[in-house]
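Add chain R to chain V, keeping to what the hints say.
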Amino acid sequence: MNLSLILQMAAEAGPDTIGLVCDGRRWTYRALWCAAIGAADAMAASGCTHVALLDESSEAAPIALFGAALAGLPYVPLNYRLADADLAALLGRIAPAYIIGDVDRIGRLDPDAGHVVRTRADFVAEAETRGEAGSEPPETDETIAVQLFTSGTTAAPKAAVLRHANLLSYILGTVDFMSAGEDEAVLVSVPPYHIAGIAALLSSVYAMRRILLLPAFEPDAWLALVAAERATNAFVVPTMLSRIIARIDAGAADDTGSLRAIAYGGGRMPTEMIDRALTLFPETGFTNAYGLTETSSTVALLGPDEHRAAHRSNDPAIAARLGSVGRPLPTIELEIRDEAGRPLPAGERGEIYVRGDQVSGEYKERSALDADGWFPTRDAGWLDAEGYLFLAGRADDVIVRGGENISPGEIEDVLLTHPAVGDVAAVGIASTEWGEAVGVALVARPGHAVLDEAELRTLVRERLRSSRVPERIILLDALPYNEMGKLLRREVRKLFQP
Amino acid sequence: MKPGTKLKSAVCDTEVMVIKGGDAVVSCGGAPMVDDKPADPGAIDPAFAEGSKIGKRYVDAAGTVELLCVKAGKGSLSIDGVALSTKDAKPLPSSD
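These protein sequence lines map, in sequence, to chains V and R.
This note's numbering applies: residue 1 is where the first sequence begins, and numbers increase by one.
This note's numbering applies: residue 499 is where the second sequence begins, and numbers increase by one.
Think of the hints as simulated: they come from the structure by calculation, not from any bench.
For each residue, glycine too, the CB sits at the ideal point set by N, CA and C.
Each hint should be verified, as a subset may be incorrect.
Stated by the list, open to error - Simulated restraints, written as ranges between beta carbons of each label pair: (1) 498(V) x 500(R): 53 to 63 angstroms; (2) 250(V) x 500(R): 51 to 61 angstroms; (3) 561(R) x 140(V): 23 to 33 angstroms; (4) 533(R) x 280(V): 51 to 61 angstroms.
Stated by the list, open to error - Facing chain V, according to a computed beta carbon distance under 10 angstroms, are these residues of chain R, among others: (5) 502; (6) 515; (7) 552; (8) 554; (9) 568; (10) 569; (11) 587; (12) 589; (13) 592.
Excised from the complex, chain V in its bound form:
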């Protein structure tokens, strides 16, 4: 199995159809396929063991992704936002690599590792030239398609491995070939080094939905591209949606009427924000996707009809589903388990386990799958009676107070119901009495600068119980998030250290 099949089929079925628009240039599927073949030729000739991308999104990303697949080399898109020392360490782990992007930076950070380095423009030009004369290379034995370094919040980043079989199984299981209408175009603004960025390329090419690549997210550029290219679909992370809504509220008047479907994921979406989005885009279908790098993207989703049903419902159980990530894909098995690995019934919080062909659960160093092929996600969550999945933070974020497990999410959800609370993070803080106690960092809603700590404690005590009551409360201007909208709890924890 080889991922290149996806682009090859699109080029076979619609050679002259526009598959990609980036920086004003329009690429047909045939042009992309030729460039991928040429790229594979250049990559193979380099003698390198990996293909890396150190760049914003551009046509180079799909050409490198499919080219590396054809050449039988793992594709490793790197986070260009990493600090020099962290990036240098990763470069050392993939040497010698054929690297596309920031030539100067690689020369400075890892000059003697034998990397072959090309600027984006040189890479694309060489791929096109070589592709004109080239033909599809023989099938390779390499089974690794993509290697993504995890963000490494507690230790050195892990190299998550996605095999061709994992990614192909995800695409074939969730997307119908050529299912997009001719007018459909998807705006992709997630970074190329994120699993959502890779999944977006693969799904869109297989559906033959034209990709509109935005090199780096910026809300005005996003709105302008929607209007200019009549985007029908988009994927955003919560922070992107929040910034887009802020621009619309501030008077941005771009025509977004073409948007039929917006998918989101990659971090916690505040219920209030998705409520606002549903009102602001009444004709748009929203889909919430939950997935991890190690699962080849989406494993559960909340679809457009479920969003609207929850948005309108007076039934608390149905309305609450707006805060869920929907139900597992039909091709995925999902269980909630306790610390001993025993499955838990609906309504009980535990760790989310998944199993399926798309689930790699594998790192370069070791596989995290258990003997039966289940992957412990380290995400905490619970299922409601109808099988809707609710996330409750990372299993590692659980606060253990005097032997009692406390999920930060339950405290955060309660505090967010207070009108003066704009944003909140609960973390475990050192306690001589309890081992850990609850610390809460709060951001006040504009116009509510003064927060009554006693009132907040009472709220938690009444809605939950006394063990959940925060021992310390601190007030911040903003909580620390990464660029994908993930709360950096380790940074919050540091704020409580003496």
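Below, chain R without anything else, positioned relative to chain V:
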């Protein structure tokens, strides 16, 4: 047939990739499919000439074999003389 194996029609342009294997011999246009296309393709059996469609998944009645058509052709797919049927996909909203 190992998953991932590609098979070509001996009588038309059809190509398939094996998703789920088994020991069965898959035919296209009435002739067994092959690894490499012959230089001189034979004739399509009119009983198996309804064609194959790119992107469609073909399954046998028992569900033991599943093939993805990666290149369309004029012959149709069969096992032991029984035509394979297309598998209806469950439509999912796009999540990427």
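Now the hints, each set against the structure:
1. 498(V) x 500(R): 53 to 63 angstroms: 60 angstroms, holds
2. 250(V) x 500(R): 51 to 61 angstroms: Between residue 250(V) and residue 500(R), where Cβ atoms are some 57 angstroms apart, the hint holds.
3. 561(R) x 140(V): 23 to 33 angstroms: 30 angstroms, holds
4. 533(R) x 280(V): 51 to 61 angstroms: 55 angstroms, holds
5. 502: 4 angstroms, holds
6. 515: 7 angstroms, holds
7. 552: At 5 angstroms from the nearest chain V Cβ, residue 552(R) passes the 10 angstroms test, so the hint holds.
8. 554: Given a least distance of 8 angstroms, the restraint on residue 554(R) holds.
9. 568: With Cβ-Cβ at 6 angstroms, under 10 angstroms, it holds.
10. 569: 6 angstroms, holds
11. 587: At 5 angstroms from the nearest chain V Cβ, residue 587(R) passes the 10 angstroms test, so the hint holds.
12. 589: 7 angstroms, holds
13. 592: 6 angstroms, holds
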